[in-house]
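Residue numbers (our numbering), protein chains in the order written: chain A, 1 to 112; chain B, 1 to 113.
For the record, the hints were derived by calculation from the structure and aren't laboratory data.
Careful, some of the hints might be misleading.
[Claimed, not checked] The list that follows gives simulated cross-link-like pairs (lysine to any residue, SDA-like), each with its CA atoms no further than 25 Å apart: (1) A:Lys42 / A:Tyr98; (2) A:Lys1 / A:Ser85; (3) B:Lys65 / B:Gly40; (4) A:Lys99 / B:Asn50; (5) A:Lys42 / A:Lys68; (6) A:Lys68 / B:Leu100; (7) A:Lys42 / B:Glu58; (8) A:Lys42 / A:Lys1; (9) A:Lys99 / B:Gly16; (10) A:Lys99 / B:Gln14; (11) A:Lys1 / B:Pro39; (12) B:Lys65 / B:Ser81.
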Amino acid sequence: KQEVTQIPAALSVPEGENLVLNCSFTDSAIYNLQWFRQDPGKGLTSLLLIQSSQREQTSGRLNASLDKSSGRSTLYIAASQPGDSATYLCAVGPDSSYKLIFGSGTRLLVRP
Amino acid sequence: SAVISQKPSRDICQRGTSLTIQCQVDSQVTMMFWYRQQPGQSLTLIATANQGSEATYESGFVIDKFPISRPNLTFSTLTVSNMSPEDSSIYLCSVELAALEQFFGPGTRLTVL
């Protein structure tokens, strides 16, 4: 059974820092991996999607990497801003059924 | 991407009643999904809804408790039946677009007293 873990559960950094959020999964046979952002009490915003054949994806200040063999993905946020404060969720697509298995999230606070 | 709306955005309901949540998408999609996010928890898939067929429920979720309709390619409803305080959650619908990327609605925050 696929399990997705995110560490740390919470992170507080000063504005301007570069930071890395971690996601690990127990079964390396994944179809894709998606990173989301969730603001308090709101829905999810898709940030990046990495297909199983890809190693990384970039969007603006965000870079997500995928290492299937080690069961890991990282989300790198460059030059963090207070507006980046949110919960970041990673989700694994185990197969082509489009189901997603979510991690528990990392709650990020970027202090001005 | 897709524009997804949900109604209601939030509701407070009494124990034993039912609530129907609507999900509307601005484009035709084959697959829609319903998730639950309990307080302080991550998201759990309730069911997958394809147009023209019965919804497929995940382990731990049953049709009698969470009936789903999917009358066309842009709309779906999820009903939370015979509610109890344990059903207090955020309920989110999502759709899969090209390249297998999923997009989520804003969610419905349900509180059951």
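Status of each hint after checking the structure:
Under the criterion of a C-alpha separation no larger than 25 Å, the hint pairing A:Lys42 with A:Tyr98 is consistent with the structure, at around 22 Å. For the hint pairing A:Lys1 with A:Ser85, the CA-to-CA distance comes to about 31 Å; that exceeds 25 Å, so the pair is violated. For the given pair, B:Lys65 sits about 22 Å from B:Gly40 by alpha-carbon distance, which is consistent with the 25 Å threshold. Using a Cα cut-off of 25 Å, the hinted pair A:Lys99 and B:Asn50 holds, with the two alpha carbons roughly 13 Å apart.
Of the supplied pair hints, the one linking A:Lys42 and A:Lys68 is violated, its CA atoms being roughly 30 Å apart against a limit of 25 Å. Our distance criterion of 25 Å between C-alpha atoms is met by A:Lys68 and B:Leu100, whose separation comes to about 18 Å. Simply put, A:Lys42 and B:Glu58 have alpha-carbon atoms about 24 Å apart, close enough for the 25 Å limit, and the pair holds. As the CA atoms of A:Lys42 and A:Lys1 are separated by approximately 29 Å, the hinted pair breaks the 25 Å bound.
Of the pairs offered as hints, the one joining A:Lys99 and B:Gly16 is violated, with about 30 Å between alpha carbons and a cut-off of 25 Å exceeded. Taking the CA atoms of A:Lys99 and B:Gln14, the gap is about 32 Å. The hint is violated against a cut of 25 Å. For the hint linking A:Lys1 to B:Pro39, the alpha-carbon distance of about 24 Å falls within 25 Å, and the restraint holds. A distance of roughly 5 Å separates the Cα atoms of B:Lys65 and B:Ser81; the hinted pair therefore holds under the 25 Å criterion.
Hints 2, 5, 8, 9, 10, counting from the list given before, are not met by this structure.
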